[in-house]
Amino acid sequence: MNNNENILEMKNLKTHFFTDRGTVKAVDGVNLSVKRGKTLGIIGESGCGKSVTAHSILRLIPSPPGQIVDGGIQYQQKDNNIIDLAKLDARGDTIRKIRGNEISMIFQEPMTSFGPQYTIGYQIMEAILIHNPEMAETKAKNKTINLLDQVGIPKAEERIDSYPHEFSGGMLQRAMIAMALSCSPRLLIADEPTTALDVTVEAQILELLEELQDETGMSIIIITHNLAVVSEVADQIAVMYLGREVEFADSDQIIDNPLHPYTKGLWNSIPSLDGELEELKPVKGTVPDPINIPAGCPFADRCPEMMAGVCDQGNPPEKIEVEEGHFVRCFLYSE
Amino acid sequence: MGNYILRRFLVIIPLLVVISVISFIVVQLPPGSYVETYIQNLKNQGYQPDEKEIERLQSRYGLNQPAYIQYFTWMKNMIFEGDMGRSFVYKQPVSEIIAERAPMTIMISMMAMLLQWIVAVPIGIFSARYQYSIFDYIVTFFGFIGLALPNFLFALVLMYFVYVHTGWAVVGIFSPEFVDASWSFAKLLDMMKNLWIPLVVIATAGTAGLIRTLRGTLLDELKKQYVTTARAKGMKERKLILKYPVRVAINPLISTIGWMLPAIVGGEVVVSQVLNLKTLGPVLLGSVKSEDMYLAGGIIMILSSLTVIGTLLSDILLAWVDPKVRYK
Ligand SMILES: Nc1ncnc2c1ncn2[C@@H]1O[C@H](COP(=O)(O)OP(=O)(O)O)[C@@H](O)[C@H]1O
Ligand code: SF4
Ligand SMILES: [Mg+2]
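The listed protein sequences derive, respectively, from chains A and B.
Here the first sequence stands for residues 707 to 1041, where the numbers follow the numbering used here.
Here the second sequence stands for residues 151 to 478, where the numbers follow the numbering used here.
DMTMM-like mimics (lysine to aspartate or glutamate), calculated; alpha carbons at most 20 angstroms apart, straight line:
no.: 1; chain 1: B; residue 1: Lys389; chain 2: A; residue 2: Glu840
no.: 2; chain 1: B; residue 1: Lys393; chain 2: A; residue 2: Glu843
no.: 3; chain 1: B; residue 1: Lys374; chain 2: A; residue 2: Glu815
no.: 4; chain 1: B; residue 1: Lys241; chain 2: B; residue 2: Asp200
no.: 5; chain 1: B; residue 1: Lys374; chain 2: A; residue 2: Asp897
no.: 6; chain 1: B; residue 1: Lys386; chain 2: A; residue 2: Asp799
no.: 7; chain 1: B; residue 1: Lys393; chain 2: B; residue 2: Asp472
no.: 8; chain 1: B; residue 1: Lys193; chain 2: B; residue 2: Glu205
no.: 9; chain 1: B; residue 1: Lys374; chain 2: B; residue 2: Asp472
These are calculated hints, taken from the structure and not from any lab test.
Please put together the full structure from these sequences, using the hints given.
Laid out in structure tokens, this is it:
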């Protein structure tokens, strides 16, 4: 760890998929950090490796075909002990005891996030009992009711006996948050938690997350391709492009003063900070296939500020610190 | 749940009626009436038909009445007296022939089914979980052989090997000295000794099919979000696989239980013929060949009814394991 304030630091993280078509370099050298009690927002077009980054932290990458091939994920535990999650055995007990307990995760698709054949209450209780095997079932049940109550599910003591198909998407995402919070995690990873929900529900869920953060002091990583979402909740923002972070800074800095041409393109394409990247084609051109990443800057063929003879020669240096805490990956800022 | 079962029961009644009508049509299918065939048959064998017997048959089964009355007579005799007509080939009431053989048919089917499940479920789970592993390739390879190999050929090959290696000829489900003996422990042992070949033969194709189905559905389920959710909450891998995706992937298998019985009886005809088993399959085949239509109709009726009842049972099982079905 470089910084004691950080609960998590990813250094040069590379997660690749070895497929029949070739090697998909889904995450190819990511450097990011999450401050304790703060929220990191990760933004980028679909397919740029946000989910793979998130899944890598909890070692949920399916293997085969996926594998963390390089880099580290330093995680600072409660007792200030630092472990490298990237080096753990993905099937081992160490990471299993962290999952859902110290670090938990909520997913983009609330409709399929719960197993269809058990009640919501049962599945949340299960999460509690996995990490607290000595707890009495009645106590776990009460805790589940309280959690559902806390995330705003009305008549929680009745609803715990409902099956997932009896809940709406918004309710399921709340239940999912309740489950993620059930063991008071220190870090919550939310992978596009509101993408599948409509705008009002989205606002409620985001508000809920912020409230819960204030109460518990947990850190949050929120992944989205909605700039309005990040700007609302994130303390720091990372912009990803083709498996790398191209810019990383405090929210104010990056929103007021975007440096990377890709970030500038994104910002310009969204008139009032409330559009979605998927619909508003952010920057003209298409994302290259992560199997055939071109030599030089991966953004070169879409970049309006591309410098021939420089940008197509090699990779731009990582982590150029333009102002304090404001990092960018672009030849425009290298000496 | 009780409501659901009741509803399913009510649906079954018209189905059973349709089955009985179709079975009766089968009885009526060959040209000439039952009595004419019966007389012809006797004459072929060099006997003179007895006028009185013929009259008795005609009034008993309403044979000179219109077809629909014959149907009701047939149904009435069946329901109230357990009389499904006579087989002129066996010179026995159809109900006796069926009663003699149905238990063996059902037993072999059930045991074959049990064997299929015991073998197929763990293998299916394993080869889906470790897709593209060497194990998966081997299973897939043998699965295709199991599906493609004709059962009777497999039976012959097995009998040949047993004979070559042990000098023991499998000639039926009991060794000759036990065929007419009453039930005893020794007879049971003898049966077990003989039974495994038909069981293995009948179960092979079914097992291969089950593995394929389970592997396919489980592969789909394993990709679903809820599996990752379970993993992300810290569940142990083996436990989560069995508890979440397998529970879902097993549902299609449960719904096949109902039609396994006739499938096994159908597949088993040739095998039973080859292995000389006293089951219904060969009798059905024989009765159709010799136009012994009350026998054919009776067997079809019994097998179809068992299928319907089996389907009901699997539906109830399915409702029991799958909340979505239960609440619909
Ligand atoms: N299991 C997998 N096998 C092969 N490629 C994968 C797999 N999962 C993700 N990828 C690839 O990794 C890249 C990044 O995906 P992802 O992280 O899901 O993007 P997003 O930023 O939209 O969350 C994509 O090109 C995707 O096709
Ligand atoms: S390195 Fe060059 S091509 Fe890449 S973003 Fe910067 S200016 Fe554009
Ligand atoms: Mg994603």
